[in-house]
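Chains B and S supply the protein sequences, listed in that same order.
If you're matching positions, the first sequence starts at 1 in our numbering and goes up one per residue.
If you're matching positions, the second sequence starts at 1 in our numbering and goes up one per residue.
Treat the hints with caution; some may be incorrect.
[Unchecked claim] BS3-like mimics (lysine-lysine), calculated; alpha carbons at most 27 angstroms apart, straight line:
(1) LYS80(B) / LYS107(B)
(2) LYS29(B) / LYS113(S)
(3) LYS92(S) / LYS92(B)
(4) LYS113(S) / LYS80(S)
(5) LYS29(S) / LYS113(B)
(6) LYS106(B) / LYS80(B)
Read the hints as simulated data drawn from the structure, not as lab findings.
The primary structure of each chain is shown beneath.
Number of protein chains: 2
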Amino acid sequence: MASTRIREARESDCGDIMRMIRELAEFEKLSHQVKISEEGSLVVGYGLYYFIYSTWTGRNVYLEDIYVTPQYRGQGIGTKIIKKVAEVALNKGCSQFRLAVLDWNKKAVNLYKFLGAQDLTESEGWLSFRFEGEAMRELAGR
Amino acid sequence: MASTRIREARESDCGDIMRMIRELAEFEKLSHQVKISEEGSLVVGYGLYYFIYSTWTGRNVYLEDIYVTPQYRGQGIGTKIIKKVAEVALNKGCSQFRLAVLDWNKKAVNLYKFLGAQDLTESEGWLSFRFEGEAMRELAGR
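Chain B on its own, in the form it takes in the complex (with noise of 0.2 angstroms):
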């Protein structure tokens, strides 16, 4: 395992995060989704070769993605930022977090599942919705 260490994102990570938000996004084949604003959504991170930003929510956490640049792949970062996730979400007393992922990215899936997640779509049904652009729009009556 490559020596990495895991830290909050800075404002100096800005650019690469930036950079790997657009690669995710390239990977998932969602590129035409990437809308970045100057504020940016990542006042909480974890960064360095990778990133997650999450939201904390009481007990629950959000992870939004998790991302390993190609080259330091293979080496156990991923599982390195879940295990620091937990640590990080039971010591702000969170029973669970949650994360999303695509259906056909078995390596994550394989992943989470090895180190314990459970696949809700699966197990309960539970699917994911979302509100974007015009429909939003149109229900703030704007």
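Please arrange chain S on chain B, whose structure you already have, making use of the hints.
Structure of chain S alone, referenced to chain B:
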């Protein structure tokens, strides 16, 4: 449609909100998962006869739950809540909001679709994963 006012939750709503969390968990057949801590997790919320608690993470919003007390259903209150969320989300500069729904909850699924939401599990293959309890503690080395 009932004369309802959508407003943010106050501390004095906590009792009602706790009750609704339990009712919702019962409806979702997930009562065994309800463990409410003293501190609660409802800093951001809207309440009255219903509640949501949401998390703002830059450009995404996650709606944790939408719940309407049974005797107030069928009056468009769920729709009103979603419209309010769209409005608040746009005001905050968010470009989308997401929510999770159980596949057998056809009434909710149909409402979200009617209001313009996209089923991401169906259209893009997003699965929802959860780490909790023993798996979390093991990851954190405790």
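Okay, the hints, checked on the actual structure:
Between LYS80(B) and LYS107(B) the CA atoms are separated by roughly 16 angstroms; this keeps the pair inside 27 angstroms, and the hint holds. The hinted pair formed by LYS29(B) and LYS113(S) meets the criterion: a straight-line CA distance of about 23 angstroms does not exceed 27 angstroms. Of the supplied pair hints, the one linking LYS92(S) and LYS92(B) holds, its CA atoms being roughly 26 angstroms apart against a limit of 27 angstroms. For the hint pairing LYS113(S) with LYS80(S), the CA-to-CA distance comes to about 15 angstroms; that is within 27 angstroms, so the pair holds.
A threshold of 27 angstroms between alpha carbons decides the hint, and for LYS29(S) with LYS113(B) the separation of about 23 angstroms falls inside it, so the pair holds. A hinted pair counts as satisfied when its Cα atoms are at most 27 angstroms apart, and LYS106(B) with LYS80(B) qualifies at roughly 19 angstroms.
The structure fails none of the hints (numbered hints given earlier).
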